[in-house]
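Residue numbers (the numbering used here), protein chains in the order written: chain A, 5 to 477; chain B, 937 to 1433.
Everything labelled a hint here was simulated from the structure, so no lab data went into it.
Where is the CB? At the ideal position from N, CA and C, for every residue including glycine.
A few of these clues could be false.
List of simulated lysine-lysine pairs, DSS-like, C-alpha gap at most 30 Å [to be verified]:
1) Lys1081(B) to Lys966(B)
2) Lys1173(B) to Lys324(A)
3) Lys1315(B) to Lys1173(B)
4) Lys1173(B) to Lys1010(B)
5) Lys324(A) to Lys1039(B)
6) Lys1392(B) to Lys1064(B)
7) Lys296(A) to Lys966(B)
8) Lys1010(B) to Lys324(A)
9) Lys1392(B) to Lys1359(B)
10) Lys1064(B) to Lys324(A)
11) Lys1395(B) to Lys1359(B)
12) Lys1173(B) to Lys1392(B)
13) Lys1315(B) to Lys1421(B)
14) Lys1064(B) to Lys1010(B)
15) Lys1359(B) to Lys1138(B)
Examples of chain A residues toward chain B, derived with CB under 8 Å [said to hold, decoys possible]:
16) His51
17) Pro54
18) Pro58
19) Val301
20) Gly311
21) Arg368
22) Gly377
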Amino acid sequence: MVLVGGYAAASEAALVGRVSLGFLGPLITLTAIFFAAHLLIRWLAPHADPVLLPAVAVVNGFGVMFLHRLDVADLKEHGTVKIPLFSGQGGRQLMWTLLAVICAVAVLAVVRDHRSLSRYAYTLGLAGIALMMIPAILPARFSSINGAKLWIRFGSFFAIQPGEFAKILLLVYFSYYLVRKREVLSLASKRILGIDFPRGRDLGPVLAVWLLSLMVLIFEKDLGTSLMYFGMFVVTLYVATERVSWLIIGLLLFLGGAFLAYFLGGTVGGPFANFYERADIWLHPFADPTNKGYQLVQSLLGLGTGGLFGSGPGAGRPDKVPLVQSDFIFAGMGEEIGLFGLTALLAVYLFIAMRGLRAAIGVRDSFGKLFAGGLSFTLGLQVFVIVGGVSKLIPLTGQTTPFMSAGGSSLVANWVLIALLVRISDAARRPADGSGAGRSGGPAAGGGPVKLQDLPTEMLRAGSASGHVGDKS
Amino acid sequence: MNAPLRRAGVVVLVLFGLLFANLNWVQAYKADDYRNSDYNPRVQISEYQHQRGTIEASGGVLLAQSAATGDNLKYLRSYPQGAQYAHLVGFKGVNLGSSGIEKLENAYLQGNADSQVTDRWLAMLTGKEPSGGNVLLTLSPTAQKVAYDALANSSVHKGAVVALDPTTGAILAATSAPSFDPNPMASHDTQAAVDAYDKLNKDSNQPLLNRAFSETYPPGSTFKVIDSAAALSAGMKPSDVLQGGPAYTPPQTTHTIPNEQGVVCPDQITLQQALTVSCNTAFSRLAVEKIGADKLKQTAQAFGFEKAPLIDQDSRNVMGVVASHTGSMLDQNGQVDQPTVALSAIGQSNVRMTPLQGALIAATVANGGSQMRPYLINKELTSDRTPTYVARPQQQSRPIDQSVASDLQTMMVSVVENGTGRKAQISGLQVGGKTGTAENGTGNPEHGWFIGFAMKNGKPVAAVAVFLQQAGLSGSGEAAGIAGKVMAAIARERGLM
């Protein structure tokens, strides 16, 4: 928080020429939110990984303050610098942060044991698919923003991105499904070239998800989301089966699909044209720097201008980067905090993902392992997709930067994700002798736990010979 | 399931590793490219964030200044003297790039030069608004004005004047006609600026061209100064008798070289008299029979031919100075081609010279054979006018020795006092020089030239080259008149008359 506060003060100083107390409002609010969240987590999940929340809070705090800084710069153009607490982009984001943290705590309170989720796997999975498909089916008027049909729009200013929630719901289903099927998927195989390939009929679900992600790509015009879903599924599949072949098949399918879409987009056009254009911009951003390549070119120029050390908080011109408050927030920050700042920020993300994976390794049940692994990997993948996109490592896609970009859906969904990771890390770090049954004292889960625990633990014993209990790595 | 989870962790690590690597590429390796990209609006914004320094002629006459505006780019560049200094000062456009001193001294004017490091620190510590440094040029405002007006009022309105201080090499005046108004190019309305530039660029009179530095023309009879220098260096005296006459037919050809109309050149004529009346036949024969192609080329090179003079030691050559040439004077077989030597001696054939080179020749003769390095930047002053750079005059070559120089001075003074350059005379000063009338393609009117110097009590005051493009047979006389006026202005400014 001191870091975030320092950043906010410095940027305001650079922008306005003096430090007003205006930045303290959001800062105190943020501190209060995160402190309250910390206390609640201590209460609801006493054994949870203690560093997850602070790491997320740093990133979230920087996001809010960067948006606040954009407001300050914007208002300065019009002469005033007074911003009421919850107004402007920064204020909205602050509000969303509050809401997201409340949601996260609510999830923690409701989901007292992550295994209870697996009971609703089919319901949640279906809801996930429905959420994912809604924007594709809705007319563009209600679902299209900046060319990507990812949204459900309510009126002119409020829109949610159901895909952000769908990814968590789908992951519940994937994990559940794979825990049940993992033996079949991992044992029945043909060996070709030293790699175990699955039987043809077991490929069914993989192909189904592949088709689903291709449909997202085509109908929602979004490569990033489709890459996310697919990557998420392939990785959980791999973790469940321990078969490298799934990774290879997944990679080939995705690359094949993407290449096909690019090829078709170039020749046929139609639903593939958007993808083709994006890939083209990625390959040659400076071919049309003022029109098609404008976003990427300005993003690169912003990052480049920042250089090693950045121009300093408030001293850059992130307003020259289009969509800097959402998709390009990373480029906007990159100009001001430079390579070193971005590296630190990325390291925090990496840290969050790694702690998540650590929780996955530590937790004892298969469902928890898969679920936590999938969540952490998805988070890492999303950061990779968007940061890679704005820095021209991969084609640009309309992903939000988790915890930073302005946008409620993304913030809430990612906080829920963190809440689930916290819950799982709590389970993972709980002393082994403190029996799980003692924890699940909630009246709702009263009868369930015994039955629930049967399923995963049984799978665990049957599934792999290597013991996990007491694995501290 | 832990092993694949760890491997998934490795995958995440690799993905982030790729991100780090790519960010290093973008933010470190390519950073400079991106930072200075034409498409980067920050470049302009930051350049116009602080006040750019002024460019001044000697005596503090403002040639370029920046004034605060209300718009997004905080300062507007303007050029109070307009077209008079356009080719030297250049312009600084919002997205047109820059030229001339504006380009050469961009870093200093902007306040970013290495020499201004303490200035920047002070500005930061005291919280003062940083601003750029000022550049003081060697130009004499009166000489520049006289030269500019004289060209504008000349018969052809096309040409160039260069005036140097022979003892230092300081450029006192340099103007090219037609000129242009640089102010529209600095407009913050970038489209208007581009339109203005395009219009000038398409103008058939080529106003953007700096005829003083960037173009070579056949020098005509002014090249006889080089012939004379070669002959004197080889031991001849001004009083030595040459063979003149009305016509000369060089070996290996039937084409004869005549004298110009009205030139009286007897068969027996002294070297000094031949220069005074500008006798073609005597100099052509002298070059072919006595000097030879090699010696002629060597002498021209010693005076600076074949190598563009480095103004202000600027190796990038921002001012666009080009080299003067003598041509090889050889035939297809690599043998010396005597008819070409004969023509080259009178500044025709492939001999080409810039007006700047002409002024350098005259200055070298006036300065006793020592050629000073030409320079335009006198001082660099920080925003509080502390000098961080003061030009030090430097000799760049010594093509002739003192006695040859003094013989040449006498011969050139004779040209102005008794010969073709009478119009350059200034009462109270000793003026020497040489006229030139250069053919440039059949049917075209001849170029008019005058290169010369003014001395007071044996001390050089100024050296000048005047070039009038296709001014016809009377052009050289007109050029001599302009040279006289410019040198008189310089002498008057120094209180020498």
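Here's how the hints hold up against the structure:
For the given pair, Lys1081(B) sits about 47 Å from Lys966(B) by alpha-carbon distance, which is inconsistent with the 30 Å threshold. About 74 Å separates the Cα atoms of Lys1173(B) and Lys324(A), which puts this hinted pair outside 30 Å; it is violated. A threshold of 30 Å between alpha carbons decides the hint, and for Lys1315(B) with Lys1173(B) the separation of about 43 Å lies outside it, so the pair is violated. Of the pairs offered as hints, the one joining Lys1173(B) and Lys1010(B) is violated, with about 65 Å between alpha carbons and a cut-off of 30 Å exceeded.
At roughly 26 Å between alpha-carbon atoms, Lys324(A) and Lys1039(B) fall within 30 Å of each other, so this suggested pair holds. Of the pairs offered as hints, the one joining Lys1392(B) and Lys1064(B) is violated, with about 49 Å between alpha carbons and a cut-off of 30 Å exceeded. Between Lys296(A) and Lys966(B) the CA atoms are separated by roughly 21 Å; this keeps the pair inside 30 Å, and the hint holds. Our distance criterion of 30 Å between C-alpha atoms is met by Lys1010(B) and Lys324(A), whose separation comes to about 17 Å.
Pair hint Lys1392(B) plus Lys1359(B) holds up; C-alpha atoms about 18 Å apart against a cutoff of 30 Å. Between Lys1064(B) and Lys324(A) the alpha-carbon distance is near 27 Å, which keeps this suggested pair within the 30 Å criterion. The hinted pair formed by Lys1395(B) and Lys1359(B) meets the criterion: a straight-line CA distance of about 21 Å does not exceed 30 Å. Distance restraint check for Lys1173(B) and Lys1392(B): the Cα-Cα separation of roughly 24 Å lies within the 30 Å cut-off, and the hinted pair is therefore satisfied.
As the CA atoms of Lys1315(B) and Lys1421(B) are separated by approximately 27 Å, the hinted pair is consistent with the 30 Å bound. At most 30 Å may separate the alpha-carbon atoms for a hinted pair to count; Lys1064(B) and Lys1010(B) meet this at roughly 17 Å. A C-alpha spacing of about 36 Å is found between Lys1359(B) and Lys1138(B), which places the hinted pair above 30 Å, so the restraint is violated. Against a cut-off of 8 Å between C-beta atoms, the interface hint on His51(A) is violated, since the closest Cβ of chain B lies about 19 Å away.
With a cut of 8 Å, the hint placing Pro54(A) at the interface with chain B is violated, because the nearest CB-to-CB distance is about 20 Å. Because the smallest distance between the Cβ of Pro58(A) and any Cβ of chain B comes to about 20 Å, over 8 Å, the interface hint for this residue is violated. With a cut of 8 Å, the hint placing Val301(A) at the interface with chain B holds, because the nearest CB-to-CB distance is about 6 Å. Of the supplied interface hints, the one on Gly311(A) holds, with its beta-carbon coming within about 4 Å of a beta-carbon of chain B, less than 8 Å.
With a cut of 8 Å, the hint placing Arg368(A) at the interface with chain B is violated, because the nearest CB-to-CB distance is about 11 Å. At about 5 Å, the closest approach between the beta carbon of Gly377(A) and any beta carbon in chain B falls short of 8 Å, and the interface hint on this residue holds.
This entry does not satisfy hints 1, 2, 3, 4, 6, 15, 16, 17, 18 and 21, going by the numbered hints stated previously.
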